[in-house]
Amino acid sequence: MAPRVRSDGRLDTGLVLVCVLLAVFALILPRRTREGFAATLRTTILSPLVALEGRAASVRAAIIARTDVLVTRGQLATQALQVKAVADENVTLRKLLGLSARLQDGFVPAELLPPRGAGDDFTIALATGSDAGVQPFLPVVTADGLVGMVQSVDRATSFAITWAHPDFRVSAMSVDEGAFGIVQPHLGAGAERWLLEMRGVPFRATLQPGTLIVSSGLGATYPRGIPVGTVLGELSTPEKWARTYLVKPSVLPNAIGPVLVLLSARTQRGVNGVWTTVSASDSAARAVAAAGDSLARAAALDELAARRAALDAAADTLADSTLAFVAGGRSTAADSARADSARVRDRADSVARARRRPDSAKPRVTGVPPAPR
Amino acid sequence: MRRPQQQTAGTGSALLAWVGFAFLLTANFAVGPLFSGRATIDFIVIAILFSSVRMRPGLAAVTGLLTGLAVDALAPGSFGAAALVLTLVAFGASRLKAVFFAEHVALTGLFVFAGKWLFDIAMTLLTGGTSGTSVIVTLLWWSPLSAVLTALLAVLLLTVFRPLYRPHTN
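Just so you know, the sequences run in chain order H and C. Sequential numbering from 1 applies to the first sequence in our numbering. Sequential numbering from 1 applies to the second sequence in our numbering.
What the hints contain is simulated information worked out from the structure, not anything from laboratory work. A hint or two may mislead.
Stated by the list, open to error - Estimated spans, in silico, between C-beta atoms of each pair:
#1 H/Val86 x C/Leu74: 47 to 55 Å
#2 C/Leu74 x H/Ile64: 48 to 56 Å
#3 C/Gly37 x H/Thr13: 33 to 41 Å
#4 C/Ser134 x H/Gln82: 38 to 46 Å
#5 C/Trp142 x H/Val86: 23 to 31 Å
#6 H/Arg31 x C/Gly37: 46 to 54 Å
#7 H/Pro48 x C/Thr127: 41 to 49 Å
#8 H/Ile64 x C/Thr127: 39 to 47 Å
Claimed, not checked - Covered stretches of chain H, going by a simulated chain C footprint (3 or more residues, C-beta under 8 Å):
#9 20-31
#10 36-44
#11 250-260
Just so you know, even glycine gets a beta-carbon here, dropped at the ideal spot from N, CA and C.
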């Protein structure tokens, strides 16, 4: 037993010495020889294991890459949202630049100041005031159309009411001058709060959905031709002598960005051709009269007379007599004309003293002369 | 001094041992790359240590040499270093198998830890890839960390795959 154990021990020792010598020999081989031998092993005996290792490395790379892809995707999504916001702002500013170019002069650009606290959602603060020539009752517009009217002015800031403000009124007409009326807030619930309605449209005038409504210029607050909205449909009202239409505003709430305030001189000069091209108010009234409808003719003539009277009264500073004359019983058009033009000292379109709405303050047909029998 | 009684393994035990060895060798190439980092689990060291206790020292040295050559084939820059170190580790483990696997799992984990750390020290000295403070950091931080992970896996394998890795005694 002992000799066997000793021989086994010598055998083990001999084997380990041989293995150590072979390993040392492999260490001291020339580099090229070592690499050749290693390549031979990799391509023959070890090729399945090498393939396994390569596949495992690919899996690990894919896992790491997926994390990178997710991170990159998140960054791209964030950048895409920012790019869209920047692009939208770019479009808005470009449109405003185009409007400025068409207007050429007579306006003041204004940035919107951020709202402070829970205030009126329908009043906007402008970063321009009396120092720049802004005055109360001046129109506020964007490239899309009418935003509202300046209500109060400080030296460097001013406040304007938007079309959704309860006190907002504008005398408007269809772009083909076939129908006149007063546009005011719809005062609906939810999203409809931001819609408008055009009241006092003569019964004979039918507006199709999609018809563009622009300011008529009657009243001298808003010049003729500023887009106000587009007709959505007719509303049913108790009034049977006039129609009321639901109007989608041209300027959407989220699109109220930088605005232009039209100065008095520009307002008086008019903005025909800037947004739309419409004919003068006198010729428009005559066109209505020429339609052959006796009622329309009378209404149109009364409207024209009322407007002339209002302008004369303003020129002669006979405000009270003019109001009395106008209030002395004329037509539907005269009522609508009065609503935004019967202001001598104060422009009546969107006066804060909305104690009564001009379209509903009096019966529509009060001023219509009796038809000849 | 009487040599400790040699453990005799039957054919079935030997077959199981080689199956376990092949399993760990394959895991080194198939699973190892998934967890590559500064601190790694060395399946090769576990395979050598577990197989050495079932063999004569001489045969263990041959196994270590061949396994080391396979590892060196993938790193030809230090061809022969792993062969030398694994030869010595396998021979030493076989000679110490009576203490190495004394039916105590924690003790087994301790010796796997020591075997892996010694392997890393020897490889670092032979290859000379790092120098300066990085050598100290590698030998005193990352190598022991790798040794701990390797030892934990060895204990887990010894517990879960007992028929494969537990040496049989007569």
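Results of checking the hints against the structure:
H/Val86 and C/Leu74 have their C-beta atoms about 52 Å apart, which keeps the hinted 47 to 55 Å range intact. Separation of C/Leu74 from H/Ile64 is about 21 Å and departs from the stated range, judged on CB atoms against 48 to 56 Å. Remark: the range hint 33 to 41 Å for C/Gly37 to H/Thr13 is upheld by a beta-carbon distance near 39 Å. Take C/Ser134 and H/Gln82: their Cβ atoms lie about 43 Å apart, and the range 38 to 46 Å holds.
Roughly 48 Å separates the CB atoms of C/Trp142 and H/Val86, a value that falls outside the hinted 23 to 31 Å. The hinted window of 46 to 54 Å between H/Arg31 and C/Gly37 is violated, with their beta carbons roughly 29 Å apart. Our hint of 41 to 49 Å for H/Pro48 and C/Thr127 is violated, since their Cβ atoms are close to 26 Å apart. For H/Ile64 paired with C/Thr127, a C-beta distance near 27 Å fails the hint of 39 to 47 Å.
Interface restraint, the segment 20-31 of chain H with chain C: holds (9 residues with C-beta to C-beta distance below 8 Å; minimum three). Note: the segment 36-44 of chain H has 5 residues with beta-carbon separation from chain C under 8 Å; the three-residue rule is met and the coverage holds. Check on the segment 250-260 of chain H: 0 of its residues sit with their Cβ under 8 Å from a Cβ of chain C, so the three-residue criterion for coverage is violated.
Figure legend: structure checked against the earlier numbered hints; hints not met, in rising order: 2, 5, 6, 7, 8, 11.
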